[in-house]
Every structure is written in C-alpha cells, then in structure tokens.
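Chains as they are written, first to last, in the numbering used here: chain A, 750 to 1312; chain B, 322 to 882.
In short, the hints are calculated from the structure, not lab data. A hint or two may mislead.
As the list claims (entries may be wrong) - The list that follows gives simulated cross-link-like pairs (lysine-lysine, DSSO-like), each with its CA atoms no further than 27 Å apart:
id, chain 1, residue 1, chain 2, residue 2
1, B, K554, B, K665
2, A, K759, B, K554
3, A, K866, A, K941
4, A, K989, A, K941
5, A, K759, B, K625
6, B, K625, A, K989
7, A, K866, A, K759
8, A, K866, B, K546
9, A, K941, A, K982
Said to hold, decoys possible - What follows is a list of derived Cβ distance ranges for each label pair:
id, chain 1, residue 1, chain 2, residue 2, range
10, B, N337, A, K805, 53 to 63 Å
11, B, Q379, A, I912, 50 to 60 Å
12, B, L509, A, L1015, 53 to 63 Å
13, A, S1210, B, A847, 48 to 58 Å
14, B, G660, A, A970, 26 to 36 Å
15, A, A970, B, Q340, 18 to 28 Å
16, B, Q340, A, G800, 25 to 35 Å
Glycine residues also receive a C-beta, built at the ideal position from the N, C-alpha and C atoms.
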Amino acid sequence: MKPLDPRLIKHARAARSYIVLTAVLGVIMSVAVVFQALVVARLVGTLASGGELTAKALKNGLIILAVIVAVRVAVAWVQERFAHRAATNTIAELRGAVIRHVVALGPRFEAEGGAAKAAQLVTRGLDALDAYFARYLPQLLMVVTVTPILLVVAGFVDWVSAIIMFATIPLIPIFMILIGRLTEAYSARRLKTMAHLGAQVMDLITGLPTLKALGREHGPAGRVRELSQAHQKATFGTVKIAFLSGAALELIATLSVALVAVSVGLRLQAGHMALVDGLAIIMIAPEIYLPLRNVGAHFHASANGVAASNRVFDLLAVPAPADGTRAAPDLTKASIVFDNVSVQAPGRDYQAPTGLSFRLPPGSLMALTGPNGAGKSTAAAVLLGLTAPTEGRVLVEPGDGGEPIDLAQIDRRSWWEQIAWAPQRPVLLPGTVLENLLESYDGEAELTPEAEAAARAASFSEVVAELPSGWRTPVGQGGIGLSVGQRQRLALARVFLRGEPLVILDEPTAHLDAATEAQILESITELGRQGRTVLLVAHRPALVSQAHTSVAVESTAFSEATP
Amino acid sequence: MRGRPLVRAIRLTGLNIGQLAAAVFFGALTQAASVALAGASAWLIVRASQMPPVLSLQVAVVGVRAFGITRGVSRYIERLTAHRVALSGMTNLRVQLYERMASGSGTGAATFKRGDVLARVGADIDDVGDLVVRGIIPALVAAVLMIGSSLAVAAFLPLAGLAVFVCLSVVAVGGPLATFRAARISELMASAARSEVSAASLGIIENASELRVSGQLGPAMEALKTHEEQLTKATDAVARPSAFANALTEAGVGLALISTLILSAMAWRAGALTAPEVAVIVLMPLAAFESVAGLSAAAAQVYKSRAAATRIVALADAGHSPAPVGAAPAPAIRQAPDGVLEAKNLSVGWQEDRPVVQGVALTLAPGQAIGLVGRSGAGKTTLLTALAGLIEPQAGSVTVGDTSLGNLTSEARAGTVAFIAEDAHIFATTVLENLRVANGSLSEDEAVAVLRQVGLDHWLEGLPDGIGTLLGSGADTISGGERRRLLLARALVSQARYILLDEPAEHLDPAAGKHLTAQLIAAARAAGRGLLVVSHQEDTLAGTDHVYRVDEATMTSTGRT
C-alpha cells in the first residue's frame, strides 16, 4: 500500500490544494512547537538555575507564549475546518469521474456487473476516503514536515539527543514491517476464520424469520452460542497479533523519549550541557514522535479509503469503447442493415442475439420478437451504438446511393440526434413533469401547443390531469414518482414532440392495462403515419401485430425449463 | 430519555465488570505512565543541572526508563483487555438477541416486518462493541486521569492543581459537547445531502444509456453537482463545531502551561517550591491532555452507537412483546391438528388499530389449491403471515379443525402450515441443508429429484460439490431466478398439511413461472396438501380451484368461472 497515491493527486484538484495547506500548517506547527519549547525552557531554566527572573522577563515570556498558543489554536482550527471539506470535494471529483466513465463504458460494462460495483463505490465506498483525508493524510504530512524540522532544530540544541532520535525513528517502520511480515500468513488465516464464523452467526440471525416460519427456530440457539464463542476466540486471536505492531511503535517512541531524558540528565549532572537546552530537548522530543504515533493510530482507518481510491483508479483504467468519426447519414433516407449480428452474453457461454440479420428501411414499422433473454433489448442497444457486436456488423446505407458505412465508424452524437429511444423504464430527472417532457430544466419551461399535442398523442394528457399540480408537478428524485406505465407514456410524448426520424420503443405496453394499451397502439400507428421509422421490442401479440414486419431474435442459451 | 437505549443495550451485553475494570486500570496506567514520564524527566533534568552526586539521581533515571517501558507495554494490555470485554459482550448480545427473538411468542410482528433491520443487525452489534472500546473505556480512563494528574500537581502546589483541573475540565466538557453538536448537524443536514447525492448518482448510472442517447446527461450531471454543493455546505456546517473542539484542546494545553508557569513562578519566589518542582508542575500536566483530547472521539462513538443501540433494543423487545390482553394462554398443543384451514372475519396488520387487511373469510381444505391475487402493497403477504400463525390476528381467527393456530407449539404450527415467503432466507450452508430446513428427513436422492422438478438440474450440474455445495451467506452467489426455484423446492419438500406460497413466479420467465406453479399445484394435490398461492399476475393461477382477490384493504372472492 502506497502511503499517498500519486493518482489521487492527479485526479483530484481539491486534494492538491489541501495537501499544500496541510503541509504549510505542518511547518507553522513545527515553528510553534520550537518556540514554545525554547521560551518555556528559558523561563523555567532561569528560575531553576537560580538566575534572576525579572518580572519584565517573565511578562515578555508569557506574552510570547500566549501568541504561540494562539497560533497553535488557529492551526488546529484551520486543519479540522478544511479537512472535511477537502475530503468532500475530492470525493465529489472522484465520484464525477467514475460516473462519467461508467456512462462512457456503456451497457456491456453494466451487464457484466461493473455498474453495480460502481454504484456501491459512488454511494458508500468513497465515503471511506473521509477518514483518509481528515485523519490519516494530515498526520502523514506532519511526519514529513514536523518530524524532520524538529529533528534539525534538536540537532542545533543538542546533537547527541538528535542522533539518538535519528537512530530510533527508523526502528519504528522497520519493526512494524517486520512484525507485519512475520504475522501476515497467520493473521490472514485468522481473519478468514473470523469472517467466516461471523458470517455464519449473522446468517442464522438474519434467517430467523424463515426458521420461525418453518418451526425450526429453537434448534440453532445452541449453534449461535457456539459459533459466537468461536468467533470471539478467533477475533481475539487476530487482535492479539494485529496490535503487536502498534505496541512496538508505542514502545519504541516512548522508550526513545525516556532515553533522551536520561542521557540529557546524565550530561547535565556532568556539567556538559546547559539546563535551558536540556529542558528544550525534553519538550521537543515527544513532539518528534507524535506524528509517527498518530499515523500508526489512523493507519487502519485509512486502509479502507486507500482501497476505495484504488477501486476508483482501477475502474477509470478500464478503456472506454472508441467513438466513430464520420457524421451519421440522414436517417429519413438511410436504411439500417443488421448483418449476422451476434453478441456474447456477458460472463456466459452463449450468444444473445445470435446471427441476427434484418433490414430496416426508412419509414418502416418493425417488431423484434422472441422469448425473454433472447437478446431483443441487446439488439436495440447494438442499433443505438451502445453495445458493439461480437460478431457481424451493422451497416448504414445512405439513401443517396453512397457507400454503406459501418455503424462503428459513425460519430455517436450525430447518430443519437436522429434517434428517439424509450427504454423499458424511462428515466425521470428531478424537475417538473413539463420540464421532463421538454428536457429543459432551467425553470423557464413553458407549455407550448406542440407539447400539448404530443402529450395527447401519447395519451399522457390524462396522466397529467390526475397529477396534483398538473404540468407543474415535481417528479423524479425528491418529487413524486410516476409508475412505469406513466413514464412510458411520457417517453412516448417526448418522441412525438422531438420528431427524430428513427424511434425505438422497448416494450412500450408492458405495464399497461388493456384500455391504455389500445391508446398506445394507436399512437404507434400515428408515428408510422408521420413517416417515421419505428422499431418495436415486443412481447405481447397485440403489439407485434401492430408492426408491418417482425423479426424473431434468437439466442444460443439453454432454453429455460419450460415444458 | 436519551441515554436509555445505550444503557439497555449495554445491559444486554452482560458486560463483565471485572474485565471492564481491568481495561480501565491498564488504560489509566498507560496514561499515568505518560504523565509520570514527563514529570520524572523534568525533575531529573533540573535536579541533574544542580550537579548532585550521580547516585542521588539513580531513582529518577530508573523511574524515567520504567515509565517509558510501562507506557508501551500497558497500552498493549489495555487494548487487549478492552477488546476482550467488548468481544464477550458482543457474543452475549448475539445470543441474547437470537434467543429473545426465537422464543418470543411466535407472534413478534417486528421480527418479520424488519428484514432491513435484521440485515444490519451485524453492523449494529459491532457498533455496540465499539461503544465499549472507543466510548466507555476511554471516557472512564480520561476521568481517572483528570483527577489523578490534577491531584499529582496539587501535591506540589494546590493552586496549580486546581488550574490544571479547570483546564482539563474545559477540554473534557467542551470537546464532547461540540462533537455532539457536529454529529447532530451531520445527522440533520449532511446525511440528507448525502442520500440526495447517492440517489442522483445512482439515477445517472442506472439510466446511463438513455441519458446519453437523449442528450440529457448534461442536465443530470448538473443536478448532481447541485447536490454535491449542498453536501459541501453541510460538511462545512459539521466541520465548524469539530474544528472548535480541536482548537479547544490546544487552547486548554496552552492555558494550563501559562497558568502553571505564573503560579509556580510566584510560589518559587515565595520560596514554597524547589527548582525541580517548578519544572515538574509546568511540564507534567501537558501529557495529561492526550487522553482528555480523546474524549471528542469517544463522544462521536457514543452518538454513533446510540442509533444502533436503539434498533437492537427494539429487536430484543419485539421478541419479548407481551401477549395482547385477552389473548389465548401460552401455546400448549404439540400435535398438528386435522381439519380444514379456515380464516373467519380476519383482520391483520403490523401496527395496532391499523389493519392492512380486514374481514377476511377463507377456507382451504387438504388437496385443494387456491389463489390470492391483488396489486402490490394490498396486504397479501401480511395476510399469509397471519394465515401461517406467525402473527396474531387483530380480529377474527385462523383455525385448523377447531384448533386456533395460536394454541400450537411452534413445531406443531410449522407441521400444520408452512409459509414460504418471497424473501425467505437462503442459509449459508449446503444446498441440501437449505432444503432440509423444511423437512429434516429429506434424503439426498429426494433432494436431487425435487431440484430437477423445479428446473435447477442445469444449475446443480454446474455446482462444484453438487448438492453438498456451500452457498454464500445471503445467497449472493445465486441469481434471483435460481433463488426462487430453490425456495419452490423447499415448498415441495415440506411435509406440512398446508403450504402458503408467496409470489412463486416472481423473477422467472412468465412461461416458466406458470409451468412451475402448475407443477406445485399438481404435487400438492397428489400429496393431499392444501396449497395457497399468492400472485400479482392472475394468469399464473390457472389450475387453482378458487381465486380470492385482495384489494383496498378488503378481500373479495372472485371464484373461478
């Protein structure tokens, strides 16, 4: 594990300024510690050596001390005040980067489970970085600022003590690493046992309702006790080993401070040293070890954060599919040709769809049919350029007799501008219903006659009529939810409003009752009448019958256990 | 009362007071060694500068070294003893929770309604353990140390002792108070902002393709940014009190330093102190602040654990909820009764006086299959839970023959009615044992046969140890469809007279769902069992004798034409 990942600094701007701030604070803190030690040593030393400590000297000393204390208070305040903000902003930057990258990676990554992992990361995983930034990192920076600065100052005050400390500081990491290495295998084994036993106990507790429903709740009570005790024993064993390196750190740090004190004391007795220097040294010595001890204390808290950031960078390293460069042909004239397209099902040993070939001329109304899992929606994703075919290709034949273009070479943005797509569960963004229809969220959306006509054509008007504030009803995150059927009608209204030449509808009637289904089917016919190309992903016979042509999508999967 | 759930949760852990005292002792010893090391060093150095014979310094030299070693060693022992007491407390807590929930009259509604709570109970128990290690023990240690080090200074100069005590107290009280304030702000503002950010992020990730194609990714990212800004604001609000707590510690240290300096300088001038004593008074107290400064973290832990403790206490209470007034006496009948399963005028719900379904009349005879349909949220699952005798009816009765299900022992009840919930648990044990929970005498061959019957033969072939394969906890290693089929297999092996199945076709291909349900119906008929199937899709219920409809909190019998 790297103590400070350079990728973190590269990816997160917020982290950079925070690191600089913390380093500066570390330097200020060192200066404050040095001055405090020198002033106190002078005051106490003068008193103790029988020198005359005038009221004026005492007053001056106290004033300087008060200033130093004020500086230390300010540094402590600033450090804590900005640590969490830096953490929050860094997490926000990383979250944004992850989300943008996941979006670019497309549905294939999602199907392989990557999106679920990314979702865990952006919702909870990244929060572990807060402890890393607010607790661990400042101490780590103190180790590289405060510790060396104080060590140099100590060298000027008393070089013998400085050498003792210089020699003992490396012992701390050496012993920690040594102990870590020696116990690595043992603790890994222990940790595994511990996690296993813990999971078994929790399994019985969380499964209790099921056990009760089956009348089996009394048997496992003894098992819960046994497993719990075994878990306790395993955990204690792990803890015994895990705390050893921390113990070594504490022991070396305090023992070194004690050694310095004894060495100073003996040299003072022999008259080789001034009392003021001696006092200064024993005040500086513990401060030299303090950042090291704090790093040790927060080391484990930081490990989760480091693991989270590693997962971020691993994810960002997954290459996104390349975009095409050629402008898309005009889809009011172009035909789309699927040429033997197959897509490998993610993580499975079958293709869905397999060998799909069809031709979608402009103005046609076509349905993709087939059982669940045959790859209908995947075929739509291929057409959208979201998923690349594993075999075969998709060609676009411009209507003007030009050369067919492979879809892979087409610039996605120019392609999508001509396509309206309503997936099975259309998304709602936070905003009003009207804003969601117009896809404009600046708070200035106005209901136009065109929008009203589009809503009517999609049977969405009656949904709006039932909403508490009609078109101004807030929906999406924080607002009320619309049912999937209502959202499909909203998506359909968008299709009418925007007028893209190619329309892809994925199961547009799946969640509707018979009456609404009939209205939607009528809307789809209307789309056809407008001369727009429509591709339906269809299950229900009524929907399939609406299409002029239909293409059966097949997969090479084992068939489900149907009769 | 704010602290009560914490106290009660701690009681449930049966905390070993002797072990706790040992942990506090070693904690205090660690910190005391630290303070003593500072004091002894100061004394040694000032005394040494007066150049006495070396021998007269020997005690201090040995003391300094001994304190250095003691601090390191006793810190390790402290951590071990603290974890020992917390770990054994957590074991007791787990066992207590399980036993209370298991032995509860069988009607502890909360045990069933709170799948989410159960799912996080592991983390909650850890939080209560952390309360001991990071909350209670550090607080007690700090209290001991505050008094001890103030007294030690007071032994040299009473007024300085008082000054040190005041400075320590300011930090000890102000730090935790500020931390509580930070935690409250965090709870009010930051967690709301955080969940908004999470929801917006999830929204984008889940709808990534659509947003891209429709060009709405920009507005969605903007919305996320607005939430992130809210979160930053909330974080700033939280950081203010915690920055105050941090600064307060430094201020306390500084104040203690300055006040002891003034007081000891005055006392020295008056001849009340020797030179080494001055050094001890000024330098020793500084080390005492380390443990007091830790009280802020302890306060944060107490705050964090309180929510966990509240949930745990609620679970423990739910298991032990007293029987409602006028309810039947304790379950006594051990024999599964014969006869028809009948619900009369049944009202059920999770909260008192708020029935989810009411006025239910329903009969199910052996060998009969009936269906129950209704939109989601209509109370179908609640009704099943009551029909299985797992929750007490709010009104009306559920009987088999003439026996109320409430009068049966849990074994007899389970032998009469088996309830296969939609979210039933798959245990982290073998496939075989997961079926045996429903029928302890199931043989391996029977298990394989039934798995084939539910269409899991391909899956079974793919498993490394076949039927002896260990499934992961919470069954995250099997898909939704496989899980559903496994639960159906459980229903098929059950020997109960009546089987209640919740949404058997969920997560399955429509055709496969219908087929499997039909198989279950046929199997139940053949075995002479009564079967009740719940679904939100009526077409999966073809083949049942009768279909009931649950709607708007009431139930109607639609019959079958």
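Exercise. Taking each numbered hint in turn, which are not upheld by the structure, reported in ascending numerical order?
Worked result: Hints 1, 5, 11, 16 not satisfied by this model.
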